[in-house]
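These protein sequence lines are chains A and B, in that order.
One rule links them: number in our numbering = place in the first sequence (from 1) + 151.
One rule links them: number in our numbering = place in the second sequence (from 1) + 151.
Wrong hints could be hidden among the right ones.
You can't tell identical chains apart in this list, so a pair holds if it fits in one copy or across any two.
[What the hints assert, rightly or not] Lysine-lysine pairs mimicking DSS-like chemistry, simulated, CA-CA at most 25 angstroms apart:
| id | residue 1 | residue 2 |
| --- | --- | --- |
| 1 | 336 | 374 |
| 2 | 340 | 374 |
| 3 | 242 | 318 |
| 4 | 374 | 308 |
| 5 | 336 | 242 |
| 6 | 340 | 208 |
| 7 | 308 | 381 |
| 8 | 287 | 340 |
| 9 | 242 | 374 |
| 10 | 336 | 208 |
| 11 | 220 | 308 |
| 12 | 208 | 287 |
Don't read these hints as lab results, they were simulated from the structure.
Number of protein chains: 2
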Amino acid sequence: MTTRREALGLFGTAAGAAFLGSLLPDPAAAEQAGGGLTAYGVAPDGKVAGFPWRYMKLDADAVAERAYKGFLSGHCMYGSFFGIVGELAEKYGAPYNNFPFAMMKIGAGGMADWATLCGALNGSALAASLLSNDPKPIADDLFNWYQSEPLPSYHPKQTPRVEITTKSVAHSPLCHASVARWCEKANVKSFSTERDERCAWLTASCAKKTVELLNAQADGAFKAAYPVPKEVQECRSCHDKGGELEDTRGKMDCAPCHFNLGTKHPIIERKKI
Amino acid sequence: MTTRREALGLFGTAAGAAFLGSLLPDPAAAEQAGGGLTAYGVAPDGKVAGFPWRYMKLDADAVAERAYKGFLSGHCMYGSFFGIVGELAEKYGAPYNNFPFAMMKIGAGGMADWATLCGALNGSALAASLLSNDPKPIADDLFNWYQSEPLPSYHPKQTPRVEITTKSVAHSPLCHASVARWCEKANVKSFSTERDERCAWLTASCAKKTVELLNAQADGAFKAAYPVPKEVQECRSCHDKGGELEDTRGKMDCAPCHFNLGTKHPIIERKKI
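Let the sequences and hints guide you as you build the complete structure.
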């Protein structure tokens with residue numbers, strides 16, 4: 152277990168000292184720094200001093216509980232981000248507790264209720280980005296897990312507002328598809344307490360999964376368990392980078408939207424999920 | 152024009168002082184605060200002390216230029232967020248320049264190259280959330296503008312890597328659809344320099360639009376100019392909150408994915424966009 156002293160000690164390097172110095176609201180220092188594009192601790196090699204914020208291994212269940220409670224006060228994106236970074240803030244104080252967590256509340260309902268990227272994924276990916284030198288494999292595994300696993304997978308320790316017994320596979324990282332599939336399977340309305348509670352459990356599930364991946368990466372033991380599915384790779388082989396068509400990009404499961412490709416398409420018609 | 156002194160003076164309130172205090176990396180203070188769920192300046196009424204960070208009106212073109220340059224070093228989400236919050240950091244120093252901007256780089260390509268929510272929108276919405284007491288109407292107008300306007304609408308001041316002459320309507324806030332439509336219209340590949348340059352201009356366009364909306368809100372003159380389209384409202388009247396089915400959620404344009412609703416659907420078949 153890393154102690155608070157060890158955690159604070161990690162800022163003992165020159166870069167760390169410069170970073171902590173930048174946290175001091177000293178107008179003279181800010182003036183001296185010039186405030187320009189080069190004033191944010193970016194070295195000539197492109198590395199940012201004091202970034203990412205150091206990750207110390209966390210208890211995944213404690214993070215899940217914090218994410219669940221975070222959802223109840225600030226919804227999905229806030230919940231997952233606060234579940235992870237808030238746990239570091241509680242254990243180690245600064246710089247983690249200086250983060251303006253409330254900004255993540257806008258991500259609720261797939262960003263401002265637009266039902267695009269699931270807020271629990273958005274918050275988890277940003278937390279990984281803040282805390283890892285190599286966050287993209289974590290986001291990839293998290294997103295592929297999300298669109299292929301029956302979720303939610305975490306049950307909160309406290310008595311929930313309502314018991315959730317239905318799990319569904321989202322087949323997508325998008326809020327719209329994730330919510331619609333779960334509602335259909337559970338046979339409940341999309342603005343019911345049941346759906347809201349399901350999203351709270353889902354938020355806890357995502358934060359927990361992210362921390363398991365961060366912990367594995369910290370141990371040097373990270374290995375992607377959920378690669379991009381073969382079917383998606385097949386689509387990408389023509390449509391994504393280096394493909395004959397190279398006319399789009401992305402790693403989302405294609406079939407949920409493109410289920411009706413018809414006979415003109417070289418690949419057999421995909422079954423509607 | 153607000154001066155640096157005035158900007159710093161705004162933290163002269165009790166709440167502001169408490170907030171600035173929280174920026175000091177003082178382990179004793181962090182210990183005293185307890186570090187728990189209530190240690191982040193959340194008052195009993197749910198308001199967060201020192202949040203949102205105060206917005207001072209910005210020059211929209213200066214923000215667009217910064218966003219464009221930000222894209223070149225950190226892609227779309229970083230570009231739009233740094234375009235807005237970085238401009239405040241340059242003018243006013245702390246707390247804006249304490250933000251760990253580099254965490255936004257993960258949002259490139261619709262979050263970790265998944266092509267979900269356009270990173271320029273993700274970064275813009277999060278910047279609005281950090282800086283506005285009422286960010287949701289800003290996100291709504293920005294997203295509706297994005298999915299209905301021919302974009303990119305901003306031309307950088309410096310000589311671009313390649314001149315972009317094609318504008319397209321995304322019909323969606325999703326990276327995947329936005330990129331695919333533009334590539335089809337421009338007849339270029341999705342990983343070409345042209346497409347990358349288009350996304351840089353688009354990032355500048357989104358940051359500029361967001362700041363125009365923030366400026367209007369700061370003047371008490373904000374009025375949504377891009378409401379949710381009538382067709383989407385028609386779909387939502389059955390499928391969204393309060394509708395007979397209430398089986399999903401969202402404000403994205405429905406037709407680009409649900410163009411093949413067939414005869415069983417009460418609404419006439421929508422034309423494929």
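Consistency of the hints with the structure:
For the homomeric pair residue 336 and residue 374, neither the shortest alpha-carbon distance inside one copy (32 angstroms) nor that between copies (40 angstroms) is at most 25 angstroms. Taking CA atoms no more than 25 angstroms apart as the test, residue 340 paired with residue 374 passes in neither setting, with 38 angstroms inside one copy and 32 angstroms between copies. Taking CA atoms no more than 25 angstroms apart as the test, residue 242 paired with residue 318 passes in neither setting, with 33 angstroms inside one copy and 49 angstroms between copies. Within a single copy, residue 374 and residue 308 get their C-alpha atoms no closer than 29 angstroms, and across copies no closer than 44 angstroms, so neither meets the 25 angstroms cut-off.
Proximity of residue 336 to residue 242 under the C-alpha cut-off of 25 angstroms is found in neither arrangement, the shortest distances being 39 angstroms within a copy and 52 angstroms between copies. For the homomeric pair residue 340 and residue 208, neither the shortest alpha-carbon distance inside one copy (38 angstroms) nor that between copies (42 angstroms) is at most 25 angstroms. In this assembly of identical chains, residue 308 and residue 381 lie within 25 angstroms of each other by CA distance neither inside one copy nor across copies; the values are 37 angstroms within and 44 angstroms between. For the homomeric pair residue 287 and residue 340, the shortest alpha-carbon distance between copies (24 angstroms) is at most 25 angstroms, but the shortest distance inside one copy (34 angstroms) is not.
For a Cα distance limit of 25 angstroms, the shortest separation of residue 242 from residue 374 qualifies neither inside one copy, at 27 angstroms, nor across copies, at 44 angstroms. For the homomeric pair residue 336 and residue 208, neither the shortest alpha-carbon distance inside one copy (36 angstroms) nor that between copies (48 angstroms) is at most 25 angstroms. Taking the shortest alpha-carbon separations for residue 220 and residue 308, only the intra-copy value of 11 angstroms comes in at or below 25 angstroms, while the best inter-copy value is 47 angstroms. When the C-alpha separation of residue 208 and residue 287 is checked against a cutoff of 25 angstroms, the pair qualifies only within one copy, where the shortest distance is 18 angstroms, while the shortest distance between copies is 35 angstroms.
In this structure, the hints that do not hold are numbers 1, 2, 3, 4, 5, 6, 7, 9, 10, in rising order.
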